[in-house]
Amino acid sequence: MSRPVKDGTGRPRQRRDGLVVQPLPEETLVYDLERHKAHCLEAVAAAVWEACDGRRTVEEIAARAAKRVGRRVPEEAVWLALRRLGRARLLEVPVAVPAPRGGTSRREWMKTAAMLGGLSVLSISAPTAAQAATCVSLTACQALQNRFCTGAPCCTSGPNPAPPGTTCQKVGNQNNCSCAP
Amino acid sequence: MGPGDGQGRRVARVLRGAWRDCPDAEGLDAADLVEAIPLLLPSGSAGLAWWRAQSAGVAQPPALKPLHDAFGVHALHAAILEAKVPAAFARLRARGVEPLLGKGWAVARLYPRPGLRPYGDIDLYVRREDEHAGRAALAEPGPEALPVDLHYGLVELDDRKFEDVLARSRVVRLADADVRVFGPEDHLRLLALHLMRHGAWRPVWLCDLALILETLPPDFDWACFMSGAGARTDAAVCALRLAHEILGASLERVPARIRRRPLPRWLVPTVLRQWGDGRFEPHGTRTPLAVELRRPRGLLRALRARWPNAIEATVGRRARFDGFPRLPFQIGECFARTLRFARSRSALAAPPER
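Line order of the protein sequences matches chains B and C. Sequential numbering of the first sequence, starting at 1, is according to the working numbering. Sequential numbering of the second sequence, starting at 1, is according to the working numbering.
Quick caveat, the hints were computed from the structure, so don't treat them as lab data. C-beta: ideal position from N, C-alpha, C; glycine also. Errors might be hidden in some of the hints.
The calculated DSS-like cross-link candidates involving lysine-lysine, where the alpha carbons are at most 30 Å apart (straight line), are [stated by the list, open to error]:
| # | chain 1 | residue 1 | chain 2 | residue 2 |
| --- | --- | --- | --- | --- |
| 1 | B | K67 | C | K65 |
| 2 | B | K111 | C | K65 |
| 3 | B | K37 | C | K84 |
| 4 | C | K84 | C | K161 |
| 5 | B | K37 | B | K111 |
| 6 | C | K65 | B | K37 |
| 7 | B | K67 | B | K111 |
Here are some of the chain B residues that sit facing chain C, going by a computed Cβ distance under 10 Å [said to hold, decoys possible]:
| # | residue |
| --- | --- |
| 8 | L24 |
| 9 | P25 |
| 10 | S123 |
| 11 | T166 |
| 12 | A180 |
Working from the sequences, and respecting the hints, build out all of it.
Right, dumping it as structure tokens:
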């Protein structure tokens, strides 16, 4: 069963640049450094994503994912995972899910695929989690003269949040420290 | 028991044994877990709570979502920071400075999963005389910013010689690099004293002690752990006892002298009150005092946020953890802080570096 993707190759490719990946036994966590978004890939979605090397077809991806998770992964499930991975911008080019065959609607087809489980690509948004480790508030950072910049991460929550992924540092010739990437 | 104690006790119940490979469900219920979430998230303990709850199968996934999200963020943050540790070592070593890595990654690596023990920076300790070389090494332009908290001297361990601590240190592999961490005796003492110096406000710090107590190497040298200034050793011993009293850490391999050390009655409630106080602003997140003082009523707010708890005050005044009232130490510590602030103001008045 060969189906076209948006770029027309039929061989989806995993995005690699600008991502931090933390594989765990139960799931794979991915942080997008460009968009500052975190995603949690359940086992099957992670196996599909890992198999997207730009050379394998969907059929081959299904076979490889099945080997990795230890159970059958139908192609419908691969398509659903690909759609979710594409929406999360974890593929080089998002895929276009093809029309189902045999008279079933796309909605029903996706619903059946979703029932297989392990396909979720969940967005993680934990604003309070970011402040859990020691951090310096934007106000506190900007109050420091440039020779006292701590280099500590800036707090992304609170009354005056700093941009995510910034640290308190000396910027140019400014007299005071800034929260900068 | 005040409301803060009750909330703190709830946090303690959720975290009992959470550092273990397979934590059990004893004493944990879903209601406690859900109630404790607003306190677990900002204190960095959410990952551990999630680990215990999902291992024990206590709560349903929707209730666990905020905890799991926090765990995910911590795990990713840990991956980002971990990748920077070898670069930090390489930069300092290129200038002839051999650092010691403590807290943060050095203890997080002992937990069953990354993300269970969050940390915000890379704590490196160098000799006092290496201050300039260390600063210069980290200030060098490089491909990436290094979130290093560089300590000149051993801070909590400065009753020990740097050379001795260095001699007891261990080298561990991280990616393709050799990373130097504190020896187990020095590290346990460092973590215990750091916990007490900051008033035991983060539950995860007490979990660190519990984890280390239950995974001690067979050759752990208790005499080495206990050596040093008497007041500090007393504080470190009390910290270990707290890990047992509050979190149920096993003291099986701990000498009788430590196991039998009675805790003053005020100590456990102080920790629990601290854990149960959702309004608490930890160091690093407070608005600077200088900024507060510019506002009307700023002084009152600043004082409230900075009033030392009984543990901080005892450590700050180098007193013993005994049954006497703590108020005199708290007042004394408050004066000492005010003095330090006044001194730092005069230092800040100097022209900035260009």
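Review point. Given the hinted pair K67 (chain B) and K111 (chain B), is their alpha-carbon gap at most 30 Å?
Key: holds (23 Å)
Point to revise | Given pair status - K161 (chain C), K84 (chain C), alpha carbons within 30 Å | key: holds (28 Å)
Review point. Do the alpha carbons of K111 (chain B) and K65 (chain C) lie within 30 Å of each other, as the hint requires?
Key: holds (23 Å)
Check your understanding: Per the CB criterion, is A180 (chain B) less than 10 Å away from chain C?
Key -> holds (8 Å)
Point to revise | Agreement of hint T166 (chain B) with chain C interface, Cβ distance less than 10 Å | key: holds (9 Å)
Check your understanding: When the nearest CB of chain C is found for S123 (chain B), is that gap smaller than 10 Å?
Key -> holds (9 Å)
**Study point:** P25 (chain B) as chain C interface residue, shortest Cβ-Cβ below 10 Å
**Key:** Constraint on P25 (chain B) satisfied, holds at 8 Å.
**Study point:** chain C contact restraint for L24 (chain B) - C-beta distance below 10 Å
**Key:** holds (6 Å)
Check your understanding: Taking 30 Å as the top limit, are the C-alpha atoms of K37 (chain B) and K111 (chain B) close enough?
Key -> With a Cα-Cα distance of about 26 Å, the restraint between K37 (chain B) and K111 (chain B) holds, given a limit of 30 Å.
Exercise for review: Starting from K37 (chain B), check that the Cα of K84 (chain C) is at most 30 Å away, please.
Suggested key: Distance of about 20 Å is within 30 Å: holds.
Review point. Does K37 (chain B) lie within 30 Å of K65 (chain C) when you go C-alpha to C-alpha?
Key: holds (16 Å)
Point to revise | 30 Å limit on alpha-carbon distance, applied to hinted pair K67 (chain B) and K65 (chain C) | key: Holds. K67 (chain B) to K65 (chain C) sits at ~29 Å (cutoff 30 Å).
Of the hints listed earlier, there is not a single one the structure fails to meet.
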